[in-house]
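For reference, the chains in residue letters:
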Amino acid sequence: MADEDIYAKLTPIFRDVFDDDELMVHSLLTADDVPEWDSVSHVRLVLTVERAFGTRFAASELGALGNVGDFVSLIKRHSQHT
Amino acid sequence: MTRHLYAELSWLPRPPEDFGRQCRAATEQYDGVGARIQQLARYALGTNQLVRLAKVLDRAKEAGASVAPLIPFRLGLLANGVTDVIVRALRAGAARHGIDLECVSAGYDQIMQAALSPDSEINRSRLDAVLIAIDYRALPLPITPGDSDAARDTVARWHQALSAIRDGVRANNDVPCIFQTLAPPPEGLFGHYDRRLPGTARHVIDGINQMIVEQVAAPSDLLLDVAALAETVGLAEWHSPAQWNMAKLPFADEFVPLYTDHVARLIGALRGKSRKCLVLDLDNTLWGGVIGDDGVDGIRVAQGDPVGEAFLTVQRLALALQQRGIVLAVSSKNNDDVARMPFRQHQDMLLREEHIAVFQANWEDKARNLRAIAETLSFGLDALVLLDDNPAERALIRRELPQVAVPELPDDPALYGRTLAAAGYFEALQFSAEDRKRADFYRDNARRINLREQATDLAGYLASLQMEITFRSFDSAGRARVAQLINKSNQFNLTTRRYSEAEVAALEQDENCFTLQVRLTDTFGDNGMISVVICRRQDRETWEIDTWLMSCRVLGRGVEDAMLGELLRAARVDGVARLIGVYRPTERNGMVRDHYANLGFGEIDRRADGTTYWELATDAVARDRPIRVRREYRQLAAAPA
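Quick note, the sequences are listed as chains Z and S, same order.
No gaps in the numbering here: position 41 of the first sequence is 41 in the numbering used here, and each next residue is one more.
No gaps in the numbering here: position 596 of the second sequence is 596 in the numbering used here, and each next residue is one more.
Chain S with its partners taken away, still in its complex shape:
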């Protein structure tokens, strides 16, 4: 059942009856042949068809034609069993992921020589990556049940050999190495005891795989987890001794399309082709039924309901993807308020509105919606995946927007999640805190755009933002960020005075300075530190505003008014009668030339170089803005008499 999912690449559409004819026709003329090859690669191709498509690619390259938009990638192959057919299948499979793959193979059984000799073809060629495709037959793998020392030696010798290979490659080509893990044998010698007993095949291979992951693969290298792939389809199916005997096939021939797709995914990921956004249809994709007809009570998404559970699996996967940084969007043919009801009201829903970066529920055609989603997120269409139960919609998008990945889905919704996961659209090469937050960043950003389009009056818009501003003196916690803003802000920067971090630290202690670091949060999230102000006491009655800078991200929100209000308040408490503002023009800060004028300051001086001085009495009142204020700062010590 699900073995077919992997062997047949069931998430890809079936190739047309006339696939062969289309292959031949593809090179009748060479204009756009690259796009045609990629289009043909998008079907679920068997090994023979991949080989055939590789021939099309060959013909195009031999004729000197451009295969754009496929981007070139040269892969070195150090393998003890990658047959000629696998190489051809790799090249066709890579086209599916937008890659024009060329392979440079070391000869069979020549892995060590090819890696270590500077004269080998591998080492003389300019490569983009090297795939070290070895299996358990590549090096001696003595089975020594019960002998831990011998087992440790075996792992150590494999470690040595693989490190030598990697170092040999790196010395000549400073490119990532792709290391394969080994697929363990399907049967044990001792039954269930094998994994516990050092020296058995299973135990030794576990050790070798762990060694590869922990010690051989450098951070810039990649892992092709063949062990995981083989286990997913079943070790008993993966290994085929008969096919090895017949034709040195390293694994069962029926998995060639799967294996090549996985290699292609890694190469695609290296070239930034991993997808970034999952667009979800709603009716019968995220819940059973049609919300417009069935209502919140009628849709099937409850725990304990087998139909509902199937859709919860999809939601669970989508949520997990969102939490690892994949952006979620919704595209549904529904009224917007109706479509949102389950997210807002249904207690069993796992996905909520806050998880969705862009929510397009309307009666437009889906292609338009997908284009709008891509534009809102500033993504290319090739960053999108559409999950939709409706085959007609899937076909429409495949025709109109071929760059969008649209997985074929089985009839049973219980398999939707599995199918999406198997398709591997979101191949990752690393995972960091930044990645985790990425989906939230896109969501926050997109929602700000949406909201601005809906609000027609400024006051209403500003109020809807539910802004909260926090004022704090300079402190050690904020020092680095304060210094960063001081040194990087160029546009909204009144005086462009630069201070080192040490100087900023000194300001924290300076009794004659009033400092502010300003944070802003709104309904969409935390904008972080967005403004820095430094006031210097000139005399008993005067503060001069030495530095006032702000992040352009929060323009047009009245933040400057809230800040002025705060400065006036603090100045009054200090017994100061007037604030002096200074504007020093530079090439980049023309936008704040009238900043003080806008805040009600009067101009008191203008120098030849354009510097202007401004003054405001501290009993002035700043414009009222719908921003809640929190303050956590120290007052200046009382001015000396």
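Excised from the complex, chain Z in its bound form:
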């Protein structure tokens, strides 16, 4: 799956979970940049992304994420298996 397709799918999810219709989703985005991004909404983000992309992430994979770019790479790896 191409990066821009992943971002296209991620953007509405981010906007929904963090309740911000103007949020721009890019590779360097982290939790520090988004006021509503706390541990609870992080869980919601992961679960929603899992459902949207039809995959499950292992705890170890999630622990290694630094920013959205890392997340997109992870999603890409998972989507290659389908």
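The set of hints was computed from the structure by calculation and includes no laboratory data.
Check each hint, because a few of them may be wrong.
[Stated by the list, open to error] In silico SDA-like cross-links for lysine to any residue, where the CA-CA straight-line distance does not exceed 25 Å:
1. Z:LYS9 <-> S:LYS61
2. S:LYS61 <-> Z:ALA59
3. S:LYS61 <-> Z:GLU61
4. Z:LYS9 <-> S:ALA7
5. Z:LYS9 <-> S:PRO16
6. Z:LYS9 <-> S:ASP225
7. S:LYS248 <-> Z:LEU23
8. S:LYS55 <-> Z:ASP19
9. Z:LYS9 <-> S:ALA44
10. S:LYS55 <-> Z:LEU23
11. S:LYS248 <-> Z:GLU61
12. S:LYS55 <-> Z:PHE18
13. Z:LYS9 <-> S:ALA242
14. Z:LYS76 <-> S:ALA242
15. S:LYS276 <-> S:ASP225
16. S:LYS248 <-> Z:ALA52
17. S:LYS248 <-> Z:ILE13
18. Z:LYS76 <-> S:GLN243
[Said to hold, decoys possible] Okay, the calculated bits of chain Z under chain S, using three or more residues with CB under 8 Å as the criterion:
19. 9 to 21
20. 43 to 54
For clarity, every value in this text was computed on a predicted model and none was experimentally measured.
C-beta atoms are modelled at their ideal positions from N, C-alpha and C, and glycine is treated no differently.
Since the structure of chain Z is provided, determine the placement of chain S on it from the hints.
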């Protein structure tokens, strides 16, 4: 396939594209915010959307706005795994059922302390119910295959713990406890042998669930049967160890909307929000095809016909609901006589006219019909559910009458029944003989109203009622009811003389009294005992009517004439020449002041306090009424010479 029915709450309409924007707009001004929140809750909301809607509710409450018509409910939560998200989802889901829910949670892993300590927030708060949401991780659950004693101990320890929790809660808040059953594990250790072997996880959990139902839950407590819910969606889907590890989610996140809707249904039921009436469309809902076009022979409702079977499933469910007390009505765009044809003529139909309390088949718009149905039954619109295959009609009713529940239906009619059942509109907290009869009562009552509107001449109307009156002497079987009527009747009561049950019993044996207990049935059903008469022999030639009372339910039917006819007949047999009637006025019985005059008695005396005495010779003839008479009473012994 059907897992989606539950996970997606498929009976609810999909939320609009701009749901987020509508949430933000909901609190732009606070007038009517409660109704807007409830309207937004009526969609099939995912977890994120429920959380978002809960924020709208938060904003409204923080601003001190009223959220009417949502009614407040404070729920205590004793849970070992109800996350913050579930709490928020619960609050949004409750709005769907008209409830403004506030939750008071015990801290994670603080269940016992919160229940037992009078100082805990749970015990200090004024609550309306407490949800004890525990799963198999809440308490030690040793798996001891083959060791029945250990297994029994485990169940006993859970019993002790849950009872302690309940008693702790009850000591501080005398409110219902909602107990959850445990979802068993999806796989066994021994394969199919697990359920038979004491000490396996499945066997122990079966035991714990049975113990909860039979021993812990008091009659005033509620059961949230999570075991059943988990089994319905599939235990393999329900349990999610990965999500527990990640975020202490007690069950798979995709079932949060389902779980919260089920909790909300119970809370709604506690507040009387369970629906009472199922309104059925006809064409392509109860049968395949259009009766007006296809005729009785053309509609598909036969057994053995796969299309017909699908609709029979709906009928079967409707009939079962009717038998448990849910009122059935019909609302269809058809000519009335055409719409009734399948009910009357088609041999495979399971539903018949007698099951339908209100039958509205006409060319009016459906919203009008639903309003008429609600009015006829004296129900609020929020007691109604409309089952209709036509998406345009569904949308119309959702727009015009948002309080009516209108389930979304899939394309395949074979799933209509399942969808209606999954929607859970008729959540029950108990079931009694009274509930069983409730649908019949509404049906009988409504049909009397309908019939009166159609009949234009009184004689025709009375004849159409096919009334049958049964006269019996006082007896032990009827004693309690006779005494009840004697002591409760105030309006249609000529003398308002009160007798205790013991005195009524004595009258059964009194040789100088002629007594009548009177029952009336008609084409709609049995009205039960509707009148009581006591005549006392004054002398050889005279009976005085000591007591004559009647239920106001059967006024205007000529029952009094039939009764007079009977009194005259019995008096003549006894050799009595005249009947004396007495009217003693009270504040409440003005309606019978002219009762004896109307029956042809002549006034013979009038006292200062308004009491009147009346007389009628026993060779008089009462007015003829179309009422069949049955008699089962004893005559008086011959009067002493």
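Against the structure, the hints:
With a C-alpha separation of about 34 Å, the suggested pairing of LYS9 of chain Z with LYS61 of chain S is violated against the 25 Å cut-off. Proposed proximity of LYS61 of chain S and ALA59 of chain Z is contradicted: the alpha carbons are some 37 Å apart, above 25 Å. Annotation: proposed proximity of LYS61 of chain S to GLU61 of chain Z is violated, straight-line Cα distance about 40 Å (limit 25 Å). With a C-alpha separation of about 22 Å, the suggested pair LYS9 of chain Z and ALA7 of chain S falls inside the 25 Å cut-off, and the hint holds.
Pair hint LYS9 of chain Z plus PRO16 of chain S holds up; C-alpha atoms about 18 Å apart against a cutoff of 25 Å. Between LYS9 of chain Z and ASP225 of chain S the alpha-carbon distance is near 37 Å, which puts this suggested pair outside the 25 Å criterion. Among the hinted pairs, LYS248 of chain S with LEU23 of chain Z is inconsistent with the structure: their alpha-carbon atoms are about 28 Å apart, more than 25 Å. Annotation: proposed proximity of LYS55 of chain S to ASP19 of chain Z holds, straight-line Cα distance about 10 Å (limit 25 Å).
Restraint check for LYS9 of chain Z and ALA44 of chain S: satisfied, since their Cα atoms lie roughly 21 Å apart, inside the 25 Å limit. The straight-line distance between the Cα atoms of LYS55 of chain S and LEU23 of chain Z is roughly 19 Å, inside the 25 Å bound, and the hint therefore holds. Note on LYS248 of chain S and GLU61 of chain Z: the hinted pairing holds, with a Cα-Cα distance of about 18 Å set against a maximum of 25 Å. For the hint pairing LYS55 of chain S with PHE18 of chain Z, the CA-to-CA distance comes to about 12 Å; that is within 25 Å, so the pair holds.
Taking the CA atoms of LYS9 of chain Z and ALA242 of chain S, the gap is about 24 Å. The hint holds against a cut of 25 Å. A C-alpha spacing of about 21 Å is found between LYS76 of chain Z and ALA242 of chain S, which places the hinted pair at or below 25 Å, so the restraint holds. Note on LYS276 of chain S and ASP225 of chain S: the hinted pairing holds, with a Cα-Cα distance of about 22 Å set against a maximum of 25 Å. With a CA separation close to 21 Å, the supplied pair LYS248 of chain S and ALA52 of chain Z stays within the 25 Å bound.
With a C-alpha separation of about 22 Å, the suggested pair LYS248 of chain S and ILE13 of chain Z falls inside the 25 Å cut-off, and the hint holds. A threshold of 25 Å between alpha carbons decides the hint, and for LYS76 of chain Z with GLN243 of chain S the separation of about 21 Å falls inside it, so the pair holds. For the region 9 to 21 of chain Z, the assignment as covered by chain S holds, since 5 residues bring a beta-carbon within under 8 Å of that chain's beta-carbons and 3 suffice. Check on the region 43 to 54 of chain Z: 6 of its residues sit with their Cβ under 8 Å from a Cβ of chain S, so the three-residue criterion for coverage holds.
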